[in-house]
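Using UniProt numbering, count along the sequence shown one by one with no gaps and you end on 549.
It should be emphasised that the hints constitute simulated quantities derived from the structure, not laboratory data. Because the structure is a prediction, the values reported are computed rather than measured. Check each hint, because a few of them may be wrong.
Stated by the list, open to error - No farther apart than 16 Å at their CA atoms in a straight line, the calculated lysine to aspartate or glutamate pairs in the EDC-like style are these:
(1) Lys363 / Asp404
(2) Lys500 / Glu540
(3) Lys474 / Asp489
(4) Lys494 / Glu470
(5) Lys141 / Asp433
(6) Lys346 / Asp387
(7) Lys101 / Asp209
(8) Lys326 / Glu380
(9) Lys186 / Asp365
(10) Lys401 / Asp365
(11) Lys467 / Asp433
(12) Lys346 / Asp382
(13) Lys340 / Asp382
(14) Lys494 / Glu423
(15) Lys493 / Asp462
(16) Lys300 / Asp531
(17) Lys150 / Asp209
(18) Lys500 / Asp462
(19) Lys194 / Asp209
(20) Lys401 / Glu470
(21) Lys340 / Asp365
(22) Lys122 / Asp238
(23) Lys352 / Asp319
(24) Lys363 / Glu427
(25) Lys474 / Asp433
(26) Lys467 / Glu505
(27) Lys493 / Asp448
(28) Lys141 / Glu427
(29) Lys358 / Asp387
(30) Lys340 / Asp294
(31) Lys194 / Asp442
(32) Lys186 / Glu470
(33) Lys475 / Glu505
(34) Lys474 / Asp442
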Amino acid sequence: MHRETLKFVMQTLSIGGGFCRVFHCAPAISTNRTNAPSDYFWRICLSSLTTDVNQPATKRKRLAARLIPSALVAGLVVVGLSPISPLCGLPTATAAEQNVKNGSFTTNTDGWRTNASNQTLKLVAAGHSGSGAALSMSSGKGTVVLNDVKPTVASASAGSSYTVSAWVKAKTAGVSGHLRVREVTKAKTVKHQKYFTLSNTNWTKVSFDFKNTQAGADFDLNVLGYDVASTNSLFIDDVSLVSGGGAPVAPVGPDADTPGIGAAASLNNGGTFSKLGIPSKGAYFGASVGSNTDPAAFEKEAGGNLGVRRTFYSATQVDKAVSIAKTDIANKRIPWISFKLPYSWKDMAAGKGDAWAKDLVAKLDALNGPVWLAFHHEPEGDAPIKDWVAMQKHLSPIVKKNSDNVAFTMILTGWNQLYGNAEYSLENTWPGDGLVDIVGYDVYNSQDIVKNGKTLGSTNMDESYFKQFEAFSKKHGVRWALAETGINDSASKKDPQWMKRTYDELISRGGIGMTYFNTPHNSITTWAITDSVKTKQFAEVLKTSAKIK
1 MHRETLKFVM QTLSIGGGFC RVFHCAPAIS TNRTNAPSDY FWRICLSSLT TDVNQPATKR
61 KRLAARLIPS ALVAGLVVVG LSPISPLCGL PTATAAEQNV KNGSFTTNTD GWRTNASNQT
121 LKLVAAGHSG SGAALSMSSG KGTVVLNDVK PTVASASAGS SYTVSAWVKA KTAGVSGHLR
181 VREVTKAKTV KHQKYFTLSN TNWTKVSFDF KNTQAGADFD LNVLGYDVAS TNSLFIDDVS
241 LVSGGGAPVA PVGPDADTPG IGAAASLNNG GTFSKLGIPS KGAYFGASVG SNTDPAAFEK
301 EAGGNLGVRR TFYSATQVDK AVSIAKTDIA NKRIPWISFK LPYSWKDMAA GKGDAWAKDL
361 VAKLDALNGP VWLAFHHEPE GDAPIKDWVA MQKHLSPIVK KNSDNVAFTM ILTGWNQLYG
421 NAEYSLENTW PGDGLVDIVG YDVYNSQDIV KNGKTLGSTN MDESYFKQFE AFSKKHGVRW
481 ALAETGINDS ASKKDPQWMK RTYDELISRG GIGMTYFNTP HNSITTWAIT DSVKTKQFAE
541 VLKTSAKIK
């Protein structure tokens, strides 16, 4: 009697857009049929495979996991092709389709790139399964991004489900980041993402399910690591995006189009707003009023409620801020709130203020509507800007992990970024892609302001600012808005269409909000709306602006 061995050869056949794994059993040496499997064994094989295709995908996997090992344990030896060859004509189970090319970095990093020249991407031998990829900074610290060169999925069908995953590891523990898929169309970008923090140096799997919301969307697949030093590395391996995911998670981030969590999710212009308050079309129009004064009287004069309201608080006014935000939400206003911090930027970045921040976010998360939150607006000149950037990097994950209705915003002057010192440039003040939901800018019309003995002319808001804000937002996948703006009394009489024109230009450049600085406090000129001329101009814009229904 000849000794026989068992050989399983897995063939992967492309069938109907999916994959079918068929087990072929081949004799290794002998043609002696003495030890051939019984008819009973083949009935089991046939039954398991034919029954299997009629089960849900998860059940098919469980059946296969039970039946194949059971056959091996029973000591059955397969010695011929002829008994199983009829199976090739049977219906086959369709498994999930893998869309990622070179997700295991087998011999190179082809098909992948970084987002900036100061980031490095290289192949390393010690991946999760075989070789892998390593991301790092060439110098200093920064956000590193693994980005697909071409869309991982092109022209996806609306409503189709997917599962995305990646294995990540840090050379030094403490790296945070997120796995992200961006649905990109000409109309808008919707983001799906999951955050991670690597508390050790072990390989960690990050995975989530999502459902595509836009017909014809291209998928941009990324893995990001925050604040990675040149001496550290984020290792990535086994990146996967397969069709047919499980229960999807809601879209997140500045481009989410999931309906809002309050009583209403629709806008007066026919659009909707996301959990973070991002409008699907148009832009909110509103104001800051007095010293966080109840805007009801001003709204009555203007003929309607504000779409967005700016308020300002010290670190000790958390409860007051939450109370006012609650009132704003009840009155269908988006609360856009700014906080000074309990500690220096450097100390906040080091975690000294984490308890304060988590308490604030927990209280805002309990509210029944979206809130836009900013920490220390207009930072230019207050302390080393690198400390402010580090503070933003540190606080963003706290906000995002502990809330689903709080948009993380940062507010700059705008002038310093475009016309000031290089240290304040848009790129140098950027904490990293995926961390910020909305960038706010405080840009005013300088017309008729006297500076150094000279009367200034009108500011071309679109050409001098909005065009650059739009380009930056598109580059980094972030929304933008005017957090403060204004025109003085003299200029408003000379250019009565300024408010309406500025609002329309903002929308044309992708802006989602405009808040007027309606207060005499900290004002260098007559920004406040105190006469019928500016009241009428404000009311004209408010009447047609986007508002929660």
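Here is what the structure says about each hint:
1. Lys363 / Asp404: holds, 12 Å
2. Lys500 / Glu540: holds, 7 Å
3. Lys474 / Asp489: violated, 35 Å
4. Lys494 / Glu470: Outside the cut-off at roughly 28 Å; violated.
5. Lys141 / Asp433: holds, 14 Å
6. Lys346 / Asp387: Cα-Cα ~5 Å, so holds.
7. Lys101 / Asp209: violated, 19 Å
8. Lys326 / Glu380: With a Cα-Cα distance of about 30 Å, the restraint between Lys326 and Glu380 is violated, given a limit of 16 Å.
9. Lys186 / Asp365: Answer violated: Lys186 to Asp365 is near 32 Å, above 16 Å.
10. Lys401 / Asp365: holds, 11 Å
11. Lys467 / Asp433: The hint is violated at about 20 Å.
12. Lys346 / Asp382: Between Lys346 and Asp382 the Cα gap is close to 12 Å, so the pair holds against 16 Å.
13. Lys340 / Asp382: Given pair Lys340, Asp382 holds - Cα atoms ~12 Å apart, limit 16 Å.
14. Lys494 / Glu423: Distance of about 36 Å is beyond 16 Å: violated.
15. Lys493 / Asp462: violated, 20 Å
16. Lys300 / Asp531: It holds: about 14 Å lies between the C-alpha atoms, which stays within 16 Å.
17. Lys150 / Asp209: It is violated: about 21 Å lies between the C-alpha atoms, which goes past 16 Å.
18. Lys500 / Asp462: holds, 13 Å
19. Lys194 / Asp209: holds, 10 Å
20. Lys401 / Glu470: violated, 28 Å
21. Lys340 / Asp365: Violated, at about 19 Å.
22. Lys122 / Asp238: holds, 15 Å
23. Lys352 / Asp319: Not satisfied, since the Cα-Cα distance of roughly 20 Å exceeds 16 Å.
24. Lys363 / Glu427: violated, 32 Å
25. Lys474 / Asp433: holds, 11 Å
26. Lys467 / Glu505: Within the cut-off at roughly 9 Å; holds.
27. Lys493 / Asp448: It holds: about 11 Å lies between the C-alpha atoms, which stays within 16 Å.
28. Lys141 / Glu427: Between Lys141 and Glu427 the Cα gap is close to 14 Å, so the pair holds against 16 Å.
29. Lys358 / Asp387: violated, 20 Å
30. Lys340 / Asp294: violated, 21 Å
31. Lys194 / Asp442: Outside the cut-off at roughly 31 Å; violated.
32. Lys186 / Glu470: holds, 15 Å
33. Lys475 / Glu505: violated, 20 Å
34. Lys474 / Asp442: violated, 19 Å
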